[in-house]
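Construct the complete structure from the given sequences, taking the supplied hints into account.
Chains as they are written, first to last, in the numbering used here: chain A, 25 to 569; chain B, 788 to 1120; chain C, 80 to 405.
Since the hints were made in silico from the structure, they are not lab data. Treat the hints with caution; some may be incorrect.
Unchecked claim - Derived DSS-like pairs: lysine-lysine, alpha-carbon spacing no greater than 30 Å straight-line:
# : chain 1 : residue 1 : chain 2 : residue 2
1 : A       : 257       : A       : 291
2 : A       : 209       : B       : 918
3 : B       : 946       : A       : 408
4 : A       : 408       : C       : 192
5 : A       : 257       : A       : 244
6 : A       : 216       : B       : 918
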Amino acid sequence: MGASVPAYLPNLSTAPCGWSMMASLCLKLPASGAATLWKDRRSNMTEPVLTLSGISKSFPGVRALHDVSLELYAGEVTALIGENGAGKSTLVKILTGIYQPDAGEIRRNGQAIQLPTAHSASEHGITAIHQETVLFDELSVAENIYLGHAPRNRFGMIDWKKMRHEAQLTLDSMAAGIDAGAPLKELGIAKKHLVAVARALSVDAQVVIMDEPTAALSQKEIEDLYVLIELLKEDRKAILFISHKFDEIYRIADRYTVFRDGEMVGKGLIKETPQSDIVRMMVGRSVDQIFPKRETAIGETVLEVSGLSHPTEFHDVSFAVRKGEILGFYGLVGAGRSEVMQAIFGMTRPSSGAMVLDGKTIAPRSPADAVEVGIVYVPEERGKQGVITGEPIFKNVSLPSLGKTSRSGFLRMAEEFSLSRTYTERLDLRASSLSQNVSTLSGGNQQKVVIAKWLATLPKVIILDEPTKGIDIGSKAAVHEFMGELVAQGLSVIMVSSELPEVLGMSDRVVVMREGLVVDTLVNDGLAPETLVRLAAGIVEEQAA
Amino acid sequence: MTDLASTGRRLPDRLDNPLKSAVMSWESLLVLVALGIFIANSFASPYFLNAWSLSDLTFNFAEKGLIALAMALVIITGEIDLSVASIIALASTLMGLALQYGADTPTLVAVGVGVGILCGAFNGWLVTGLKLPSIVVTIGTMSLFRGVAFIILGDQSFKGYPKDFAWFGQGYVWWVISFELVLFLVAAVVFYILLHRTNFGRRVYAIGNNPTAAQFSGVRVDRIKFVLFCLTGLMSGIAAVLLTARLGSTRPSIAQGFELDVITMVVLGGVSILGGAGSIIGVVLAALIIGLVTLGLGLLNVPGIVMSIFTGTLLIVVIALPILWRMMRERRA
Amino acid sequence: MNRLLRNRELWLALAILAVLVLVTTRFPRFAQPSNLLTIFNDTSILMMLALGQMAVILTRSIDLSMASNLALTGMIVAMTNAAFPAIPIPLLIAGCVVVGAALGAFNGILVWKLDIPPIVVTLGTLTIFRGLVFVISGGAWVNAAQMSEDFIQLQRGYFLGLPVLSWFAIVVAVLFYLFMTRTQQGRAIYAIGVNPVAAVYTGINVGRTKFLAFVISGAISGLAGYLWISRYVIASVEVASGYELTIIAACVIGGVSIAGGSGTVAGALLGALFLGVVNNALPVIGVSPFWQMAISGAAILLAVVLNARGERRKGRVILKKAEGVA
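Have a look at this one:
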């Protein structure tokens, strides 16, 4: 835990696991485990636990991986870095036995192994904690931890009592504060991550893959996760850490491997490599400025929300957004920001409160109503709520504008194509044609399709919910620059984001929410990150000092 | 940093040749199957190639085909309606009841069609208003609608429909061209335009591919689904008029098992049971294929129950073959 | 306490009890133990079938072919018995289970290896299996006179005061319960219904697990084939025609979610019992049996409305003051 902790972070006592738990974790290890631990420590530190060499994988029409190599070392975190579509997820699927490589070799402790199924991967001590936590909502926490390797009684039947007891022990050793008997669906996303980590511990894995584990977490939850990662390192696990975020890579990784377009383009020690070098390897070009500065004249209030309330999700939310303004919404994940936005967009019905758009009271009962009055929403869950997967780009873009492109209800394809072309080209969409299926596009390009779809409706207010979550640096910059362009043209932008640099770099004003309430609205005039984090986490001044 | 303004790239509309994709489509496979069965039939029975027996063909599929047209849209949105045959039973029973009170032909038709729409609206309300899964809802209404018919009729039957009413199910518009066939063809054209040429149809596909994203894109998902259930009810009501007129009597067990035949037609026609894909041309071809098989086997005096083996096998084989073919190609690659 | 109130099985049991009490107030003989046992015995076959269907529904699939499977296996066993009366009945029963399982495996293979949606596969086999009944029997019936005495009488015997048929249901239910809650495969059936993607990452073979569920529903259908034929002592093409929907109805009423992953053995059994009690009560209170169909339809709708009420997401609970209320 030698990494330096930024000053604005809450003190460690708020983390779910304290220092004392490390000892308990070691105590928990069975005797044989302790022996292995000791042996591992003595063995040459530079021998990798897992070695991949010459791995290639192709899909019809796509070369996902070409001759890549990767080494993972016990007690070290190796960051796997690359833009979306660089082949990281394919590699994870090969390591977890979901895909079979076309060529190449995987060695564990020097011995070649095969991973024909997900089961064989876990038998070889490889386990993964996924981006979208893949667990079972309807099952209990204990069963989530032990599914597939549950303790049995002497009749070969699952021993529920023992399973629950051992699950509780593991959770307690992490100071997770989770009841092993509770149904998983009652837990929040951060706690679900802890369950996933507990599962990794319970299978006695030697290799733990973390596929963008922080993508859905708030700053505080991320800090908690870092502590857990340190614990896993102490426990001599080899960790593969996949991330887009440079601050966290530099914070916790020991080594890095960079992929670009399915090839390995660089690897080394984090300590010895400046960030700019890695960025260059990643994109094959240099990115000078992630958050473009812009100057816009801010006009009159366009949308005013007052006293918006919902029985369980948020209470008395009031704010106003003006013409040409980017209004940031910051808070921990689960603070109710998306819920407020979805109520404004007509997805859910607020119990009280008023919305005034351009001087007229509105009460959208469905997204269709909201779009009609000029409010559009770019959702966080791109694949589920953003793009119509399985349909081509032009049908996605024209869908909300069919009223404009058609004549008395009959389709006019030529109009649809020209509309789609106008807006996708403004966003520099990378695709082979307008008829390309959106599900074959990268996350960043899908996001561009969603934004193009809304721009074509000529909205007044555009709400962007985590607009750059999980998209690569190149697209991220394009989205940021485009947001600047939008407000310059007189649109109002509401941006929900959990990424501090994004919020601070883009917003004119910032609304901070906590537990369903607006705690403050601040003008972003050299706003300090500490202020936002403290407000969002609810830390009182004296404690933080 | 990429320069937004200066990229002179132009995205083409499409890359593949539309003609090539039309030739390689599911519909062309169905045309081949239909031709094959047609040729096999003409060899198997000397009575097959005759205008009147070919005309009989239409009675084999027109009523189910009419429902299949609407059902295709329902299935494309990812829903299903298992209650269509029971709607026929209820509509037919209430027509019979109206007859007992001296209703004339126009009233009978209005009752049949009206009951159909109301039943469809009830399904639609349960699915969209109460947000219930359509498969369970329509299993329930399937029992309920036919159950009401049983309560009204018990083991009795209604007979004595007027002569001019019988024309709907037995009449010919011109020479061997039956009213049922004409109605089916007109409905097919209407549904083709609705699904493939209008905003409504485009939204139907969007809902089937991703209902959540469709709603987030401003599509009024519930309204469209409700309309589709009403439409299926309407077509079932029309089918009830035709079938009752053709049989000349109503029993509560009328049209038993129709729902499965209709769904078989739709799926055979290339509509994905998972939603999001399918075409009206495919459904029309599938209806024709099932009609041809039924007629051909009928001419060979094969009993109906054995024909169902053919239909069932056809359903599975036609779905399985392309999958097997793809798997073999992937294995070789 | 809160969890108890949300317990679906409890409510269903109360509903059954309410029907019993209601009928008994008018017709006291209805609640006599002997009559209750008769109802249980009458419902035994449906209960077993509902369990088989539940296994399939849990995996986000559906088996529409169970009734046809039952009819086909039933016809095969009846004809075998008529032709070779010497074959001992336990062997015939084992044969039924194997034949039924094989038919189920046919469904399962198509779902597993070719990834054809289960509703399409079983829609096809629904008609194929029933057509085969006609093919092997030539449309003829096998009646009581052609069946051996043992074949008919086995399930009518008594053991510990209960008919053997009821014991079949009890044993199947106990084995099924143990399988679903205490074995890796049983839990896998739940897991792939809850989250198929997560199941793959957990090392569960989703396709093979679905296959297993279809084999189970097939095996139970096969067993039910013998029990049905020997109970109603007639084997024909029409046997159990349309019964697949009654089986699904029992599951739905029992709270098995058609979306997969959620449902209990007790629920499915109670769902079947509810239909059994209602069907037995109708003639007693003098309602025409023609009301049966409409009532079970209404019961399905009511059950699914109530289930949805219980499952409906009330949104996330974010506000502190709303915690514990929702």
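The hints, checked one at a time:
{"no.": "1", "hint": "A:257 / A:291", "in the structure": "20 Å, holds"}
{"no.": "2", "hint": "A:209 / B:918", "in the structure": "21 Å, holds"}
{"no.": "3", "hint": "B:946 / A:408", "in the structure": "54 Å, violated"}
{"no.": "4", "hint": "A:408 / C:192", "in the structure": "27 Å, holds"}
{"no.": "5", "hint": "A:257 / A:244", "in the structure": "20 Å, holds"}
{"no.": "6", "hint": "A:216 / B:918", "in the structure": "28 Å, holds"}
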